[in-house]
Amino acid sequence: MYTTPLSIITIIAEPVLEDRLVHDLRRLGASGYTISDSRGEGSRGVRASDPPGVSIRVEVVASPEVTDRILDLLAADYFPHYAVIAWLSEARVVRGEKYLTR
Amino acid sequence: MYTTPLSIITIIAEPVLEDRLVHDLRRLGASGYTISDSRGEGSRGVRASDPPGVSIRVEVVASPEVTDRILDLLAADYFPHYAVIAWLSEARVVRGEKYLTR
Amino acid sequence: MYTTPLSIITIIAEPVLEDRLVHDLRRLGASGYTISDSRGEGSRGVRASDPPGVSIRVEVVASPEVTDRILDLLAADYFPHYAVIAWLSEARVVRGEKYLTR
Chain A
1 MYTTPLSIIT IIAEPVLEDR LVHDLRRLGA SGYTISDSRG EGSRGVRASD PPGVSIRVEV
61 VASPEVTDRI LDLLAADYFP HYAVIAWLSE ARVVRGEKYL TR
Chain B
1 MYTTPLSIIT IIAEPVLEDR LVHDLRRLGA SGYTISDSRG EGSRGVRASD PPGVSIRVEV
61 VASPEVTDRI LDLLAADYFP HYAVIAWLSE ARVVRGEKYL TR
Chain C
1 MYTTPLSIIT IIAEPVLEDR LVHDLRRLGA SGYTISDSRG EGSRGVRASD PPGVSIRVEV
61 VASPEVTDRI LDLLAADYFP HYAVIAWLSE ARVVRGEKYL TR
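Residue numbers (this note's numbering), protein chains in the order written: chain A, 1 to 102; chain B, 1 to 102; chain C, 1 to 102.
These are computed hints drawn from the structure, not numbers from a lab.
One thing to keep in mind: the hints can contain errors.
Claimed, not checked - Okay, the calculated bits of chain C under chain A, using three or more residues with CB under 8 Å as the criterion: (1) 1-13; (2) 61-68; (3) 71-80.
Stated by the list, open to error - Label pairs and their in silico Cβ distance ranges: (4) C/Pro5 x B/Pro64: 33 to 43 Å; (5) B/Val16 x C/His81: 11 to 21 Å; (6) C/Asp37 x B/Lys98: 36 to 46 Å; (7) B/Thr3 x A/Lys98: 31 to 41 Å.
Beta carbons are placed, not taken as given, at the ideal position from N, Cα and C, and that holds for glycine.
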């Protein structure tokens with residue numbers, strides 16, 4: 001099966017940030033995203049307004065260019081103000097070539 | 001800690017496909033699977049019948065042989081008809097040798 | 001964007017183990033964790049008391065030293081008695097240097 005090497009960015013954030021985050025992901029070129037409700041704790045700085053422990057887990061499959069842009073935005077606009085963590089991992093994506101056009 | 005290098009296949013699909021997908025995963029040799037309800041958007045083709053944005057996230061730990069079989073089946077039977085995305089990643093699995101007998 | 005290579009440990013376990021697992025993760029040096037409710041099946045040995053198919057998916061970002069300690073504990077105290085699976089994957093974590101002080 002032919003696959004394309006791409007990046008997965010996983011973001012853990014407060015639920016109150018969901019709409020803004022989705023808007024930013026789209027604007028920066030993400031062609032899609034998957035969100036699961038979750039809970040947890042972390043040394044993630046201050047929280048805006050959600051109850052402690054309630055989180056969203058956001059996953060984006062994208063080219064390294066797009067995930068880099070997303071990380072830069074998180075660093076500039078989210079990390080200083082909100083409890084957010086983010087990491088990149090590598091994956092081989094089926095029909096991944098369509099993610100490269102963004 | 002001794003670990004076995006294995007593949008993780010992650011599949012994002014419509015909830016209506018869950019039973020069929022689980023049946024196929026089992027048939028192709030997956031010894032288990034984990035499903036989380038999720039939501040999101042993507043350029044994933046048409047949707048069968050679930051409300052837009054509602055998805056399942058399916059995760060399978062398996063040998064590369066089994067994940068290859070799963071990808072081939074997704075390509076043949078799912079991708080042409082449903083909104084499905086799938087990717088492979090590498091992991092080191094504790095007590096992973098039992099996944100190699102399938 | 002500067003990132004730190006770290007380990008992600010993913011643990012699939014019965015919900016009844018959540019409190020104990022979180023306590024152990026903290027004790028072994030994990031600075032945080034993320035839990036999603038999930039469901040599934042697996043060849044994971046006996047189950048303690050939760051209904052079959054109901055699981056939690058626990059994700060921890062940590063240094064390899066901490067994830068090794070967690071795996072050792074799972075092997076000693078959980079795997080012989082409970083239906084648990086666990087795997088390690090690699091990630092590049094934003095602001096990950098704070099995970100290295102644990």
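Structure-based check of each hint:
Chain A is given as covering the segment 1-13 of chain C, and this holds because 4 residues of the stretch bring a CB closer than 8 Å to a CB of that chain, at least three being needed. A count of 1 residues in the segment 61-68 of chain C with a Cβ less than 8 Å from any Cβ of chain A is obtained; the coverage claim is therefore unmet, three being the minimum. Using a Cβ-Cβ cut-off of 8 Å, 0 residues of the segment 71-80 of chain C lie near chain A, which falls short of the minimum of three, so the contact claim is violated. For the pair proline 5 of chain C and proline 64 of chain B, the supplied restraint of 33 to 43 Å is violated, since their beta-carbon distance comes to about 23 Å.
Between valine 16 of chain B and histidine 81 of chain C the C-beta distance comes to about 37 Å, which lies outside the given range of 11 to 21 Å. Hint check: aspartate 37 of chain C to lysine 98 of chain B, Cβ distance near 25 Å, so the stated range 36 to 46 Å is violated. In this structure the hint that threonine 3 of chain B and lysine 98 of chain A lie 31 to 41 Å apart at CB holds, the actual value being about 33 Å.
Hints 2, 3, 4, 5 and 6 from the list above are not met by this structure, while the remaining hints are.
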